[in-house]
Amino acid sequence: MADFDPEKFEDKYANYFPELQQAYKNAFNRMNDQYDSELVHAIDQQVLNESEPFYEGDGEFRVELPDDPYGRVSGVLVEEDRFETVLETHVEEIESELQRVFGFQ
Amino acid sequence: MSTETQNDGDDLEDRVTNFLRRNFPQIQMHGGSAAIQDIDRETGEVSIALGGACSGCGISPMTIQAIKSRMVKEIPEVEKVNASTGMDGGEEEMDGMSPSFPGETVDDDGGEADEGPEAPF
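Residue numbers (the UniProt record's numbering), protein chains in the order written: chain E, 1 to 105; chain Z, 1 to 121.
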């Protein structure tokens with residue numbers, strides 16, 4: 001279990017890089033199993049590559065997304081409502097995985 | 001006789017390459033690659049393209065963010081980093097659809113806690 005320190009999370013990419021990768025990858029794999037793989041890949045590569053996780057306190061994490069996520073996705077035909085649903089689920093999975101990786105679940 | 005005007009640029013390129021190699025060995029360890037596409041020495045803007053296994057892998061978003069965040073801190077001349085997996089304009093790298101790395105044993109389907117600060121990537 002990672003020894004989570006909120007202050008160290010301020011420099012998360014230096015202090016908690018493996019854990020962050022783990023959380024994102026676990027979320028990705030679960031999404032990939034449950035939803036359209038092409039869409040999940042597009043979200044992963046074209047939206048989440050500009051995302052940033054923040055620690056909110058009380059064991060809660062928040063993933064901040066770039067502006068206009070739907071507009072960032074190319075190469076995949078998907079209705080916006082469907083896209084938003086899958087993206088929202090993906091973000092929830094990441095936030096949940098962050099809780100797991102850092103020992104809050 | 002002096003034709004050394006490129007030394008500064010070469011040095012910066014070397015440092016960027018070494019930075020990637022030193023801090024992100026997992027890119028190559030897992031069959032990925034990180035190529036320097038462009039270095040603008042005047043603006044301090046560096047463009048990096050992740051390829052190979054990186055483009056179909058669920059950890060590349062965090063890798064990209066980490067490269068962006070850390071390179072500007074650790075290499076003073078670098079002001080901004082653009083990094084992508086080359087998927088922005090299409091899906092030419094989509095043949096790497098398998099999100100898992102060969103030989104990796106990470107539990108990824110909701111199993112027990114996988115929290116290991118020494119995770120092997």
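Treat each hint with caution, since some may be false.
Claimed, not checked - For lysine-lysine, the following DSS-like pairs were computed, each having C-alpha atoms within a straight-line distance of at most 25 Å: (1) E/K12 x Z/K73; (2) E/K8 x Z/K68; (3) Z/K80 x Z/K68; (4) E/K12 x Z/K80.
To be verified - Anything over 10 Å on all C-beta distances counts as not near chain Z; from chain E, calculated: (5) A27; (6) F28; (7) V86.
Don't read these hints as lab results, they were simulated from the structure. All values reported here derive from a predicted model rather than from experimental measurement. Glycine included, every Cβ here is placed at the ideal spot set by N, Cα and C.
**Study point:** List of violated hint numbers, smallest to largest
**Key:** Going through the list in order, the structure violates hints 5, 6 and respects the others.
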